[in-house]
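Enquirer: Residues per chain, in single letters:
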Amino acid sequence: NAGVMQNPRHLVRRRGQEARLRCSPMKGHSHVYWYRQLPEEGLKFMVYLQKENIIDESGMPKERFSAEFPKEGPSILRIQQVVRGDSAAYFCASSRSYEQYFGPGTRLTVT
Amino acid sequence: GENVEQHPSTLSVQEGDSAVIKCTYSDSASNYFPWYKQELGKRPQLIIDIRSNVGEKKDQRIAVTLNKTAKHFSLHITETQPEDSAVYFCAASIRSGAGSYQLTFGKGTKLSVIP
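So the protein lines, in turn, are chains A and B.
Numbered per the numbering used here, the first sequence spans residues 603 to 713.
Numbered per the numbering used here, the second sequence spans residues -8 to 106.
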């Protein structure tokens, strides 16, 4: 699972700014999941994507959050107009079927 | 939706003893149950998983058991070592109509192995 890459590892944003989180899946994996982890909590599902398609976004907040997985390049989770409550660790996981392998995460701090 | 409960939230054992972590799930359609180990500040690492057509699976010092009737599954670590100290998460998954295997996680168990 060392092949799942995320950047940046740490991101500090002021309230109202935009945050862009990137995830490159393992070679040969075409499925990407995004999860959010609050301190002392388990991970919560946000969105599931395949190349060029959002398959399941049932865990994504309706406003300010969006995700994409273009034909070329990494998957991107975008948070507009960040608020303090968005501070968390955001993990992506890549998969070929049911096993999911996680990246190192992006720790977002909103000041 | 699916709900996963995990117990205990913290567990301390002496080195060499066994550790058991238990999880229950609510949706009988769940059919895939992975366990992840997360060290402080690191990524969740898949350590073992079990599918619903199997009752038990073992990998060296780690084993997982599944009771579909009671809707619970457990992680067993034998001969614990200090490097087993971490937070362990159970999860349950159903394959959705859209093909998603989204995971629903428990809240985690912080395992401390005392040398």
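Quick caveat, the hints were computed from the structure, so don't treat them as lab data.
Values in this document were obtained by computation on a predicted structure and should not be read as measured data.
Ideal Cβ placement from N, Cα and C applies to all residues, glycine included.
A few of these clues could be false.
Said to hold, decoys possible - Covered stretches of chain B (in silico footprint by chain A; criterion: 3 or more residues with CB under 8 Å from a CB of chain A, positions within the stretch not fixed):
| # | region |
| --- | --- |
| 1 | 13 to 21 |
| 2 | 83 to 95 |
Unchecked claim - Cross-link-like lysine to any residue pairs, in silico, SDA-like; alpha carbons within 25 Å at most:
| # | chain 1 | residue 1 | chain 2 | residue 2 |
| --- | --- | --- | --- | --- |
| 3 | A | Lys629 | A | Lys664 |
| 4 | B | Lys33 | A | Leu640 |
| 5 | B | Lys62 | B | Lys33 |
| 6 | B | Lys33 | A | Lys673 |
| 7 | B | Lys62 | B | Leu2 |
| 8 | B | Lys101 | A | Pro641 |
| 9 | A | Lys646 | B | Ser0 |
| 10 | B | Lys33 | B | Arg52 |
| 11 | A | Lys653 | B | Gly90 |
| 12 | A | Lys646 | B | Pro73 |
| 13 | B | Lys59 | B | Asn44 |
| 14 | B | Lys48 | B | Ala89 |
| 15 | B | Lys33 | A | Arg615 |
| 16 | B | Lys49 | B | His63 |
| 17 | B | Lys101 | A | Ser632 |
| 18 | A | Lys664 | B | His63 |
| 19 | B | Lys33 | A | Lys664 |
| 20 | B | Lys49 | B | Pro73 |
| 21 | A | Lys646 | A | Pro672 |
| 22 | A | Lys646 | B | Gly90 |
| 23 | B | Lys13 | B | Tyr23 |
| 24 | A | Lys673 | A | Ser632 |
| 25 | B | Lys33 | B | Gly90 |
| 26 | B | Lys101 | A | Pro672 |
| 27 | B | Lys49 | B | Asp8 |
| 28 | B | Lys101 | A | Glu643 |
As the list claims (entries may be wrong) - Residues from chain B shown here face chain A by an in silico Cβ test under 8 Å; the list is partial:
| # | residue |
| --- | --- |
| 29 | Arg52 |
| 30 | Phe80 |
| 31 | Gly99 |
Enquirer: Hint by hint, note whether the structure agrees.
Expert: Hints, verified against the model:
{"no.": "1", "hint": "13 to 21", "verdict": "violated (count 0)"}
{"no.": "2", "hint": "83 to 95", "verdict": "holds (count 10)"}
{"no.": "3", "hint": "A:Lys629 / A:Lys664", "verdict": "violated (31 Å)"}
{"no.": "4", "hint": "B:Lys33 / A:Leu640", "verdict": "holds (14 Å)"}
{"no.": "5", "hint": "B:Lys62 / B:Lys33", "verdict": "violated (30 Å)"}
{"no.": "6", "hint": "B:Lys33 / A:Lys673", "verdict": "violated (29 Å)"}
{"no.": "7", "hint": "B:Lys62 / B:Leu2", "verdict": "holds (22 Å)"}
{"no.": "8", "hint": "B:Lys101 / A:Pro641", "verdict": "holds (13 Å)"}
{"no.": "9", "hint": "A:Lys646 / B:Ser0", "verdict": "holds (17 Å)"}
{"no.": "10", "hint": "B:Lys33 / B:Arg52", "verdict": "holds (22 Å)"}
{"no.": "11", "hint": "A:Lys653 / B:Gly90", "verdict": "holds (14 Å)"}
{"no.": "12", "hint": "A:Lys646 / B:Pro73", "verdict": "violated (28 Å)"}
{"no.": "13", "hint": "B:Lys59 / B:Asn44", "verdict": "holds (9 Å)"}
{"no.": "14", "hint": "B:Lys48 / B:Ala89", "verdict": "violated (28 Å)"}
{"no.": "15", "hint": "B:Lys33 / A:Arg615", "verdict": "holds (22 Å)"}
{"no.": "16", "hint": "B:Lys49 / B:His63", "verdict": "holds (17 Å)"}
{"no.": "17", "hint": "B:Lys101 / A:Ser632", "verdict": "violated (32 Å)"}
{"no.": "18", "hint": "A:Lys664 / B:His63", "verdict": "violated (33 Å)"}
{"no.": "19", "hint": "B:Lys33 / A:Lys664", "verdict": "violated (29 Å)"}
{"no.": "20", "hint": "B:Lys49 / B:Pro73", "verdict": "holds (20 Å)"}
{"no.": "21", "hint": "A:Lys646 / A:Pro672", "verdict": "holds (23 Å)"}
{"no.": "22", "hint": "A:Lys646 / B:Gly90", "verdict": "holds (18 Å)"}
{"no.": "23", "hint": "B:Lys13 / B:Tyr23", "verdict": "holds (15 Å)"}
{"no.": "24", "hint": "A:Lys673 / A:Ser632", "verdict": "holds (10 Å)"}
{"no.": "25", "hint": "B:Lys33 / B:Gly90", "verdict": "violated (28 Å)"}
{"no.": "26", "hint": "B:Lys101 / A:Pro672", "verdict": "violated (38 Å)"}
{"no.": "27", "hint": "B:Lys49 / B:Asp8", "verdict": "holds (17 Å)"}
{"no.": "28", "hint": "B:Lys101 / A:Glu643", "verdict": "holds (11 Å)"}
{"no.": "29", "hint": "Arg52", "verdict": "violated (20 Å)"}
{"no.": "30", "hint": "Phe80", "verdict": "holds (6 Å)"}
{"no.": "31", "hint": "Gly99", "verdict": "holds (6 Å)"}
The structure does not agree with the numbered hints 1, 3, 5, 6, 12, 14, 17, 18, 19, 25, 26 and 29 stated previously, though it agrees with the rest.
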